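Participant: Residue numbers (the numbering used here), protein chains in the order written: chain A, 1 to 100; chain F, 1 to 466.
Note that these hints are calculated values from the structure, not bench results. Just to be clear, a hint being listed does not mean it is correct.
Listed next, the in silico BS3-like pairs over lysine-lysine satisfying Cα-Cα at most 30 Å (straight line) [stated by the list, open to error]:
{"no.": "1", "chain 1": "F", "residue 1": "K428", "chain 2": "F", "residue 2": "K109"}
{"no.": "2", "chain 1": "A", "residue 1": "K69", "chain 2": "F", "residue 2": "K106"}
{"no.": "3", "chain 1": "A", "residue 1": "K76", "chain 2": "A", "residue 2": "K44"}
{"no.": "4", "chain 1": "F", "residue 1": "K66", "chain 2": "A", "residue 2": "K57"}
{"no.": "5", "chain 1": "A", "residue 1": "K75", "chain 2": "A", "residue 2": "K19"}
{"no.": "6", "chain 1": "A", "residue 1": "K75", "chain 2": "F", "residue 2": "K166"}
{"no.": "7", "chain 1": "F", "residue 1": "K126", "chain 2": "F", "residue 2": "K413"}
{"no.": "8", "chain 1": "F", "residue 1": "K369", "chain 2": "F", "residue 2": "K126"}
{"no.": "9", "chain 1": "F", "residue 1": "K125", "chain 2": "F", "residue 2": "K393"}
{"no.": "10", "chain 1": "F", "residue 1": "K106", "chain 2": "A", "residue 2": "K75"}
{"no.": "11", "chain 1": "F", "residue 1": "K353", "chain 2": "F", "residue 2": "K393"}
{"no.": "12", "chain 1": "F", "residue 1": "K428", "chain 2": "A", "residue 2": "K75"}
{"no.": "13", "chain 1": "A", "residue 1": "K69", "chain 2": "F", "residue 2": "K125"}
{"no.": "14", "chain 1": "F", "residue 1": "K126", "chain 2": "A", "residue 2": "K69"}
{"no.": "15", "chain 1": "F", "residue 1": "K109", "chain 2": "A", "residue 2": "K57"}
{"no.": "16", "chain 1": "F", "residue 1": "K393", "chain 2": "F", "residue 2": "K126"}
{"no.": "17", "chain 1": "F", "residue 1": "K415", "chain 2": "F", "residue 2": "K125"}
{"no.": "18", "chain 1": "F", "residue 1": "K353", "chain 2": "F", "residue 2": "K377"}
{"no.": "19", "chain 1": "F", "residue 1": "K58", "chain 2": "A", "residue 2": "K57"}
{"no.": "20", "chain 1": "F", "residue 1": "K166", "chain 2": "A", "residue 2": "K69"}
{"no.": "21", "chain 1": "F", "residue 1": "K162", "chain 2": "A", "residue 2": "K76"}
{"no.": "22", "chain 1": "A", "residue 1": "K57", "chain 2": "A", "residue 2": "K75"}
{"no.": "23", "chain 1": "F", "residue 1": "K428", "chain 2": "F", "residue 2": "K203"}
{"no.": "24", "chain 1": "F", "residue 1": "K57", "chain 2": "A", "residue 2": "K69"}
{"no.": "25", "chain 1": "F", "residue 1": "K68", "chain 2": "F", "residue 2": "K58"}
{"no.": "26", "chain 1": "F", "residue 1": "K166", "chain 2": "A", "residue 2": "K57"}
{"no.": "27", "chain 1": "F", "residue 1": "K160", "chain 2": "A", "residue 2": "K19"}
{"no.": "28", "chain 1": "F", "residue 1": "K68", "chain 2": "A", "residue 2": "K57"}
{"no.": "29", "chain 1": "F", "residue 1": "K162", "chain 2": "A", "residue 2": "K75"}
{"no.": "30", "chain 1": "F", "residue 1": "K109", "chain 2": "A", "residue 2": "K69"}
{"no.": "31", "chain 1": "F", "residue 1": "K353", "chain 2": "F", "residue 2": "K369"}
{"no.": "32", "chain 1": "A", "residue 1": "K75", "chain 2": "F", "residue 2": "K109"}
A few chain F positions that, by computed beta-carbon distances, are all more than 12 Å from chain A [unchecked claim]:
{"no.": "33", "residue": "L70"}
{"no.": "34", "residue": "E76"}
{"no.": "35", "residue": "P429"}
This one's a predicted model, so the numbers in the text were calculated from it and none came from an experiment. We treat Cβ as the ideally placed atom computed from N, Cα and C, and that holds for glycine.
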Amino acid sequence: MSFLGGSRSASNGSINPEKIDLAITELDTVTDFFNRMVTSCHNKCISARYADADLNKGEQVCIDRCVSKYNDVQKKVGEVLQARGAANVNASNPASFGSP
Amino acid sequence: MSMPGPSTTPPTNPALDLSGLTWVAKRLKVPSRNTLIFLSVTSSVLGLYIYDRQQCKKIRQEYVDKVKHLSEETTEHLAWPRQVRVYAAKWPGDEDYNQCARYFRKYVKPIFVAAAIDFEIVTGKKHGDLADRIADEIKMRRRLDMGLEEEHRDPRLTPKYKFRSKEVIRQQELDGGIVIVGRPTWKEFVDGLKRGWTESPAKVDHDEILARELEDDGRFDELEPFEEAPPSPAKSFNADFYNTLHQAPPKTTASSPVDPSIPSSIPILPPILFVPFTNCVGFKLIPNMLYDFFNHRYFVQSGAEAAYRLIMRQTRPFNSPSSVSLFNDVSSEVPPTSSSDVDFDNHSERYYKNSLNATEKEVERQRRKYYDELVPKLATARELARHIREPTKDEINYPPPTEVELRAERMEKEKRWRRTLSGWEIVKPSSEVAWDMRFEGLFTVFTDPAEKAESNEDTTTTKSTD
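The following block holds chain A by itself, in its conformation from the complex (with noise of 0.2 Å):
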């Protein structure tokens, strides 16, 4: 939500619409990326027979550690898809990665 008011404020006068594009697709992905996240770690740590309201210690430490893992698991997968994606873009167009 940070990052919405950054780039409105950066905005002055005209309305960029490629980066208004870029700005819904970032939100759409966090969007998605927050909810399955919160989904699985739901699943997996609380348990579907509801005693209590409140999370007891040993879902917190659970979530805790299933945030943390799905966070790292995203940021690396993203790494190597960022890699390959550079890679096939400088496999498909030798020319243009050559020329100044």
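Here the structure of chain A is known, so what remains is to put chain F in place on it, guided by the hints.
Facilitator: Just chain F, lined up with the frame of chain A:
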């Protein structure tokens, strides 16, 4: 009158006959001798294994049930769980540096998970890595306290995030604990602690120091006397090379002087949990390995007890070596922990491989071999670089290393040898735990709750007799 011939009927079992179980004798047969041997051996081995694993499960479940109630407490959802640091160094002689960490994960971790205790495992890939890391953390803490560094705030978190202050973090650390798995870890821990609180906290670039030392070593000097003129370009080449090695200077430059005085007292440490562990490495210890395979239940018991001690938070003061020698002449009876806690798990050092004692000689031998082989390589590199001769066909196809590469390679090798030697110095059986006067009264050790109750009774009885 002819005697009746030998009886041809099979021998009957009167017990079976009289009880009416004649079919047993007719249809069931005792298996042959070989079958019996096979069945007894197989079933005894299988039985040992199954019994042991069942007992393991039972013991583990018993301890999990004892501490389960802790994970069912509810606190506010942004509260921090109890956090524990686990140190697990490399075991001497084992290429797998993870063995201590694996022991922790298999035998102690389940109880921690059941009690909702958060832990962080710190391992070292080589000897001395853990000591270095602990020393660096202590120096960072000293710099923080001196105000030379800012507290580290993760930039990815939003500005509104409630960062814990340094005091809160330290209090949570004290509340948690330190777990030490195995005697090499203990030695490295104490060594790192001592170095961290003794050496100056300034940031030190070890690569640069080593580079300067190697520069004066003279291994890359020219041998021929008539090449006096070229050595000056060689020397300036040295300087250029080592300047490229020199990384960006650290933020704390000479403008902010670092107080080099050694602190006289060390702030309190979190209580320590000793987890005894002996790793069997080597051919001679295969009987021990077999025995251990069929007796995992003792490890489960020992690991679970250790975890329980930490969870129940009963602590006792550390038995330091000087206090033990004091009490030896004062008390009439032998105290239950007559040996100092510094000798934790002393017996496990007997199980180190004998070949480790030759580590220093091995490093020396490698060094000599490398430097002997270096001379012709260096000569080739120099000849090719100065175009004294043309490269041969082989050298065109597989270019030999240039002088720069040789220097870099030598630096790497020297670094590795020095680290091996210094790491082994800390961990070898003949070196004592690096005790320091400031460690008196600093450590506390987790103890069994029952033991604490007993020692309470002891102190009350001695008080009453006064």
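Participant: Run the distance test for F:K369 versus F:K126: straight-line Cα separation, threshold 30 Å.
Facilitator: holds (23 Å)
Participant: Would the pair A:K57 and A:K75 pass a check requiring their Cα atoms to be no farther apart than 30 Å?
Facilitator: holds (27 Å)
Participant: Decide if the proposed pair is consistent with the structure: A:K69 and F:K125, CA atoms, cutoff 30 Å inclusive.
Facilitator: holds (23 Å)
Participant: Against the 30 Å threshold, does the CA-CA distance of F:K162 and A:K76 hold or violate the hint?
Facilitator: This hinted pair holds, its Cα atoms lying about 27 Å apart.
Participant: Are F:K353 and F:K377 close enough, with their CA atoms no more than 30 Å apart?
Facilitator: violated (36 Å)
Participant: Straight-line Cα separation of F:K66 and A:K57 no greater than 30 Å?
Facilitator: This hinted pair holds, its Cα atoms lying about 16 Å apart.
Participant: Would you mind confirming whether the straight-line C-alpha gap from F:K57 to A:K69 stays at or under 30 Å?
Facilitator: holds (28 Å)
Participant: Tell me if the straight-line CA distance from F:K106 to A:K75 falls inside 30 Å.
Facilitator: Roughly 28 Å between the alpha carbons, so the hint for F:K106 and A:K75 holds.
Participant: Checking one constraint from the list: CA of F:K428 to CA of F:K109, max 30 Å. Satisfied?
Facilitator: Distance ~28 Å between F:K428 and F:K109 Cα, so the pair holds.
Participant: For a C-alpha distance cap of 30 Å, please report whether F:K109 and A:K57 respect it.
Facilitator: Answer holds: F:K109 to A:K57 is near 16 Å, not above 30 Å.
Participant: Does the structure keep F:K166 and A:K57 at a Cα separation of 30 Å or less?
Facilitator: It holds: about 24 Å lies between the C-alpha atoms, which stays within 30 Å.
Participant: Measuring Cβ to Cβ, find out whether F:P429 lies farther than 12 Å from everything in chain A.
Facilitator: Holds: least Cβ distance 38 Å, greater than 12 Å.
Of the numbered hints given earlier, the model fails hints 9, 11, 12, 16, 18, 33 and 34; all others are met.
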